[in-house]
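**Student:** Using the supplied hints, reconstruct the complex from the two chains, each of which is provided in its own coordinate frame.
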Amino acid sequence: MSLAYYPGCTLKTKARNLEEPAVASMEVLGFKLEEISRWNCCGAVYSLAEDDLIHQVAPVRNLIRVKEQGKNELVTLCAFCLNTLKRANLLMKENTEKRDTINSFMNEEIDYSGEVKVVHLLEVLRDEIGWEALSQKVKLPLRELKIAPYYGCTLLRPREVAIDNVENPTILREFLKALGATPIDFPESTRCCGSYQIINNPDDISEYAQAILNSALSHGTEALVLTCPLCDYNLGRGQKELTNKQSGLREMPLFYFTQLLALALGLGPQVCHFELNYGSPESLLRKKNLLS
Amino acid sequence: MSVTISPKRLRREFIRKVKELSGQDLQLCYQCGMCSGNCPAAANMDISPRQIIELARLGLEDEIANSKTVWICASCLACAVNCPRGFDLSKVMEAIRLLTLRKNIDHIRPENISPQERCELPQIAMVSGLRKFTG
Numbered sequence: 001m002s003l004a005y006y007p008g009c010t011l012k013t014k015a016r017n018l019e020e021p022a023v024a025s026m027e028v029l030g031f032k033l034e035e036i037s038r039w040n041c042c043g044a045v046y047s048l049a050e051d052d053l054i055h056q057v058a059p060v061r062n063l064i065r066v067k068e069q070g071k072n073e074l075v076t077l078c079a080f081c082l083n084t085l086k087r088a089n090l091l092m093k094e095n096t097e098k099r100d101t102i103n104s105f106m107n108e109e110i111d112y113s114g115e116v117k118v119v120h121l122l123e124v125l126r127d128e129i130g131w132e133a134l135s136q137k138v139k140l141p142l143r144e145l146k147i148a149p150y151y152g153c154t155l156l157r158p159r160e161v162a163i164d165n166v167e168n169p170t171i172l173r174e175f176l177k178a179l180g181a182t183p184i185d186f187p188e189s190t191r192c193c194g195s196y197q198i199i200n201n202p203d204d205i206s207e208y209a210q211a212i213l214n215s216a217l218s219h220g221t222e223a224l225v226l227t228c229p230l231c232d233y234n235l236g237r238g239q240k241e242l243t244n245k246q247s248g249l250r251e252m253p254l255f256y257f258t259q260l261l262a263l264a265l266g267l268g269p270q271v272c273h274f275e276l277n278y279g280s281p282e283s284l285l286r287k288k289n290l291l292s
Numbered sequence: 001m002s003v004t005i006s007p008k009r010l011r012r013e014f015i016r017k018v019k020e021l022s023g024q025d026l027q028l029c030y031q032c033g034m035c036s037g038n039c040p041a042a043a044n045m046d047i048s049p050r051q052i053i054e055l056a057r058l059g060l061e062d063e064i065a066n067s068k069t070v071w072i073c074a075s076c077l078a079c080a081v082n083c084p085r086g087f088d089l090s091k092v093m094e095a096i097r098l099l100t101l102r103k104n105i106d107h108i109r110p111e112n113i114s115p116q117e118r119c120e121l122p123q124i125a126m127v128s129g130l131r132k133f134t135g
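For the record, the sequence lines run as chains C and G. Just so it is clear: in the first sequence, position 188 is 188 by the working numbering, and no numbers are missing. Just so it is clear: in the second sequence, position 93 is 93 by the working numbering, and no numbers are missing.
Same shape as in the complex, but just chain G (with noise of 0.2 Å):
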């Protein structure tokens, strides 16, 4: 992928958003790609867990709002338990996620989940489901 990087792209606020939501240094990383290595969903996604926390903190937030990553992501923390800088990613994909989700914009309705899954889903799967992709 090819992005433009200049002053004018960067986004302060979503940088600062982004660190006070997830606590986490996005300077800390160095870029090594343990966090995709690991990624059991990384196949599946359009901008791999390495990149998302490259475009968070060159303030890329469009990138980032773009891409379907952090709906991917299913908090396994499978990057987070293999960084060695001992970053944890899943709370920067949370972060992100908010910063849509707390727009009032929900990810999925719940309505269109077939009624048939609805009643075979165990509840753990509605709970975890419905507090990750709604506001």
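Bound conformation, chain C alone (with noise of 0.2 Å):
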């Protein structure tokens, strides 16, 4: 089965960890995720403005190349663009009024008015595929993995596009078990990272880094699960600095929730690009012979 798959960015460059293993993972799950073509940037964040709609525009664009395609559900791996995709959608679907001038502006286009589903991986695996399922396919448990999921922001905020419960989501935690890796809550999992704010205040930045690993380190995990790149510049950014400054912080792999799914389901390193992740992943994964 084919699925409408928007990357954005991030993941053909800095983020080909998060992409690489979801595509040949879907692959062996028996979906093809099909890069919607001429894409364009998702604008990363979602305008809040009122009057602002020149840059709903682009998310748009994205969602009328999905509906010219005949599909009506968008896939996103990146947490970002699944935020804004989805709240620009939401957009053009409930106001009648943005929706006429946003269509009206973009005359060359057909006009539209939110047909497309627009959701995240992670739901495709949930809702589509089954736990259940997804553990039966598993070759190689993550057994004695003791992972922490880290949630961020925007699979969960607003309200009105989370992916799931906003206060006690268990999205990730299913998700590991059906991986046979052991979930390890704590409180910080949906804190923020600090996000764009790297491009200001970096300090800060390793300050909230700080807060969210220590208190993960805490309650015993021994990586932390995320599923947007840019959570993970900023724990990996911050933990690298504190380690340097021997905070006493001890290093910790931080995964992409891809990767995991990717040597769980036996397809080996190669596409898991381990290289490009913060936290030393590896010597974890030969530590507990999930890699040779």
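Just to be clear, a hint being listed does not mean it is correct.
Cross-link-like lysine to aspartate or glutamate pairs, in silico, DMTMM-like; alpha carbons within 25 Å at most [said to hold, decoys possible]: (1) 240(C) <-> 204(C); (2) 17(G) <-> 97(C); (3) 103(G) <-> 127(C); (4) 98(C) <-> 20(G).
Think of the hints as simulated: they come from the structure by calculation, not from any bench. The model shown is predicted, which means the values in this text are computed figures rather than measured ones.
**Tutor:** Have a look at this one:
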């Protein structure tokens, strides 16, 4: 089965370790992630100002590409893209006045009114494949691997685009269980990493990273599982800085969920690109006999 | 903090613009402080998220303009999902930022980001950051 897929900018460069294992894993699960043609940057953040419609054009144009190709669902991997596309889609569905303005501005395109459903790959795994069916496809159970889910913000907020319960999400916990790993809950799993403040207040980011990483470590985790390339950068960079400063913080591997999926499905380390990860994931995996 | 409230200092135009850009009814807030309590960046702000709402509806533009709070907010929406009144503070923060940025006053200069950091940053950091901090 073919799924319309939107990669976004970061997955083609810095976060190839998020995309490549996803494409390979979905193939094994019987789905082809088919990149939509002529996609453009989604704008990364949703425009919060009422009068700012020009920044809605970029995400809506991507949704029009999907509709043109006769698809009614769009799969994303990057949590930022999911949020921006899903919120823009909701605007086109619910606000008729703004929808008309945007449609008439883009008069060279077909009209769009929110017909496409924007989903995250985790939702495909949960709702279209199911945790039970997924666990049956696992060839290398991630036994004895204690991993804490880190959701960040954009998968869960605002409420109307959340892929799971806003206060108490379980989707990553269920995902880890299906792969045979041991999920570790910690209270900071939905706390913001500082996001785009990295280009304005990098010192604050290290502070936020320290609070999140220390909390995860104190709950007995050996690694974090992420969905967002910006969380990865902020926590990874923060971790590097803190360990260099000898703050007492222990280095901890940061994985993308798709890397764990590929590994558990028996696809081997080649598609995972662990060399792009923070926190030496390969040494932990070797220790657990998950990597030869 | 202490602020002087008087009709002379009230900026009706500022209140109108914040309401128009944010689409939020500033009178909805009953100052319970859930926004400040849930904000992961509140400790680094000089004026708390709850106080921003109060100052905005009193039209105290100068206090807000001199504060670094809106430039520390990361739009993580922890305030919005926890507000018992359904008030979206992230939209008010955005409105206040835009009132500065739209005067062609950028908050950051891309050339001040070190070349090494520029190479390492994921694209979404650059795109989102430059959208939030430049006009």
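**Student:** If a hint holds in the structure, say so; if it does not, say that too.
**Tutor:** Here's how the hints hold up against the structure:
Distance restraint check for residue 240(C) and residue 204(C): the Cα-Cα separation of roughly 15 Å lies within the 25 Å cut-off, and the hinted pair is therefore satisfied. Distance hint between residue 17(G) and residue 97(C) is fulfilled; the C-alpha atoms sit about 20 Å from each other, no more than 25 Å. At roughly 47 Å between alpha-carbon atoms, residue 103(G) and residue 127(C) are farther apart than 25 Å, so this suggested pair is violated. Taking the CA atoms of residue 98(C) and residue 20(G), the gap is near 15 Å; set against the 25 Å cutoff, the hint holds.
In terms of the numbered hints stated before, the structure departs from hint 3 and from no other.
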